[in-house]
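Residue numbers (UniProt numbering), protein chains in the order written: chain A, 1 to 361; chain B, 1 to 361.
Each hint should be verified, as a subset may be incorrect.
With a straight-line cut-off of 30 angstroms between C-alpha atoms, the simulated DSS-like cross-links for lysine-lysine are [stated by the list, open to error]:
id : chain 1 : residue 1 : chain 2 : residue 2
1  : B       : Lys92     : A       : Lys199
2  : B       : Lys43     : A       : Lys159
3  : A       : Lys159    : B       : Lys92
4  : B       : Lys48     : A       : Lys159
5  : A       : Lys92     : B       : Lys48
6  : B       : Lys97     : A       : Lys97
7  : A       : Lys97     : B       : Lys92
8  : B       : Lys199    : A       : Lys92
9  : A       : Lys199    : B       : Lys159
10 : A       : Lys92     : B       : Lys92
11 : B       : Lys159    : A       : Lys92
12 : B       : Lys48     : B       : Lys2
Since the hints were made in silico from the structure, they are not lab data.
Protein chains: 2
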Amino acid sequence: MKIFREVDVAEIEDMAAGGAVLGTGGGGDPYIGKLMAQQAIRKFGKVKLVRTEDLPDDALVVPVCMMGAPTVMTEKLPQGDELVNAFVALEKLLGRKIDAVLCGEAGGVNSMTPFVVAAATGLPLVDGDGMGRAFPELQMETFALAGVSATPMVLCDDKGNTVTFETVSNRWTERLARAATVEMGGSALLAFYSMSGAKAKECVVRGTLTLCESIGRTLREAKANHGEPVKALASLLQAHNMFEGRIVDIERRTVGGFARGKVILNGTDDWKGHEMSIDFQNEFLLAMRDGEVVVTTPDLISLVDAETGLAVTTDSLRYGQRLVCLAYPCNPMWRTPLGIEVAGPRYFKYDVDYQPLAAAE
Amino acid sequence: MKIFREVDVAEIEDMAAGGAVLGTGGGGDPYIGKLMAQQAIRKFGKVKLVRTEDLPDDALVVPVCMMGAPTVMTEKLPQGDELVNAFVALEKLLGRKIDAVLCGEAGGVNSMTPFVVAAATGLPLVDGDGMGRAFPELQMETFALAGVSATPMVLCDDKGNTVTFETVSNRWTERLARAATVEMGGSALLAFYSMSGAKAKECVVRGTLTLCESIGRTLREAKANHGEPVKALASLLQAHNMFEGRIVDIERRTVGGFARGKVILNGTDDWKGHEMSIDFQNEFLLAMRDGEVVVTTPDLISLVDAETGLAVTTDSLRYGQRLVCLAYPCNPMWRTPLGIEVAGPRYFKYDVDYQPLAAAE
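Using the sequences and the accompanying hints, generate a full structural model.
Here is the structure:
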């Protein structure tokens, strides 16, 4: 398989920071993700990256990720072994050697989990993912939109328990795996959506890991050069600056294995006198400015620190933080009727139609 | 394998009625159990019974049963296919032909579920079970007391979903399988505790199915001969008549996948002026007479109709029913320190010590 580059400990920092931005509030704390991946690379060596287009058609590709409420992930640091256990158990179940690891979702932790498996197994890691962002439920994968089944799926916890699913639909996989995850203490590791290289070329969101790295590097360099990190980030992502303000209220609870809630910002600077409220279920799903819906899932809503441009995850929202709300278009696969049905605002019970956001200039 | 008898449609009636008595309120509605088993025997032919002592030491024996709240089982009639699916999936996972089917628990439905699998597969069914009664949780098996692991375990629902468990303890199997069962709608079918014939000889409660049949026949014949069914039943089981009365209050709710509650009887005849209250979690667990604990799990508490002696399950308790409370000793395996730890009153959070009940003369 054609490897286009290798990733070492140093590059991981940028990638995790970038993953957190695309995580749109979910996908886990980048600090934890970074530690997990760096530890694995130190132990097992560099991770080889392969481009989606360079996958052999008959290669067996398996995505991995962590499931659960980010609030729990932060308190219950994954060891990494569980991930490799899930991967190896799925390989055994499939009865065939897996050829490459794939990222299930972009996020602070979940852009990093595949690095742990790739390092431990020595397998190449595909530069891409199944969302181009983070989403709260596991049927919300571009893989699913392309007809790939989430099962056989293996879920492992930190205690050594393994649960294998073979379901009639990806929605059922989500329901049963969510119940198991809650029972396992709120977070679990999984391997799922096994597919061929040919199928991967149809449905992988390409270049996600290198985009994560570009995001992290952009922020780091802007800071180092005393530049404007948020502006540089917005320009890289072709993102709209939707709002700037301070958090005046946060409502947050962990229910049914999700971190759900709402955050309210009072405008500062150009946005003085205005208010923004953003609903989340692990990820930011819907933003309202002065009572009017301005952007919804599946388009991306990232809250970043007004100073540093670093992403703020839903579990690290704190009263008084000064944040900028950036919004930018999702991958076109999410804008199909099926994509909108699976991850649009109505799926989350919001009574609004999805209005595609144009890319900023 | 030495078959000592065959069971046809006609004999099923007595066995299901007897299973419901040993079910101590749980284990499902015998009417449903009977229909499932009779339908399977009509379709596939008679079921061959083998005695535990006649199992070859190297035989592979697999128990099956239904999991869930009896209240749900009654509303959601199992098709039987799910059971066979779980059994076949476990056989595939074990990579070896299963030689005999075993009963996981005695109960109105669960003494019958193994007949469905035995009929459909043509395999012999062991005359025994893993409780000698019914219990609410799946680590409460004499198999577990003898060190057999519940996993690998396969759980199937009526929709076609299959979940496989490989856990670090039987308590964890219970937790994870209960969560999946709740998500699946409150009931599911499973195959678990696979063991050798040699191990089965150590830990199977022997003769349960023929005991169920004797119970059913005793009740049927006493009724036909205008005799006293309850007296005949008590004599057969060496059971104490603890109370006779009418239901004056029932408290019942389905929580966490269990039917939990309490039933209160006001005494009639010899027990006039007295009161009995019985707590249940699927099964009757603790009986108090005039405020004093008189019998607890793991000993058996059966509520039977004062006229017919037929068992009343926790989900069919109705205001005004005239019932007799019978109590009789559990299998000695439950009276070991481990047995009491696993299924004694303190496990269910009752602040009383287990006092072994003597057999009635």
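Status of the hints after comparison with the structure:
Simply put, B/Lys92 and A/Lys199 have alpha-carbon atoms about 28 angstroms apart, close enough for the 30 angstroms limit, and the pair holds. Between the alpha carbons of B/Lys43 and A/Lys159 the distance comes to roughly 44 angstroms, so the proposed pair goes past 30 angstroms and is violated. With a C-alpha separation of about 26 angstroms, the suggested pairing of A/Lys159 with B/Lys92 holds against the 30 angstroms cut-off. For a cut-off of 30 angstroms, the pair hint linking B/Lys48 to A/Lys159 is broken: about 41 angstroms separates their Cα positions.
Proposed proximity of A/Lys92 and B/Lys48 is contradicted: the alpha carbons are some 36 angstroms apart, above 30 angstroms. For the hint linking B/Lys97 to A/Lys97, the alpha-carbon distance of about 26 angstroms falls within 30 angstroms, and the restraint holds. Our distance criterion of 30 angstroms between C-alpha atoms is met by A/Lys97 and B/Lys92, whose separation comes to about 20 angstroms. Between the alpha carbons of B/Lys199 and A/Lys92 the distance comes to roughly 28 angstroms, so the proposed pair stays at or under 30 angstroms and holds.
For a cut-off of 30 angstroms, the pair hint linking A/Lys199 to B/Lys159 stands: about 27 angstroms separates their Cα positions. With a CA separation close to 13 angstroms, the supplied pair A/Lys92 and B/Lys92 stays within the 30 angstroms bound. With a C-alpha separation of about 26 angstroms, the suggested pairing of B/Lys159 with A/Lys92 holds against the 30 angstroms cut-off. Taken as a hint, the B/Lys48 and B/Lys2 pair is honoured in the structure, with Cα atoms around 10 angstroms apart against an allowance of 30 angstroms.
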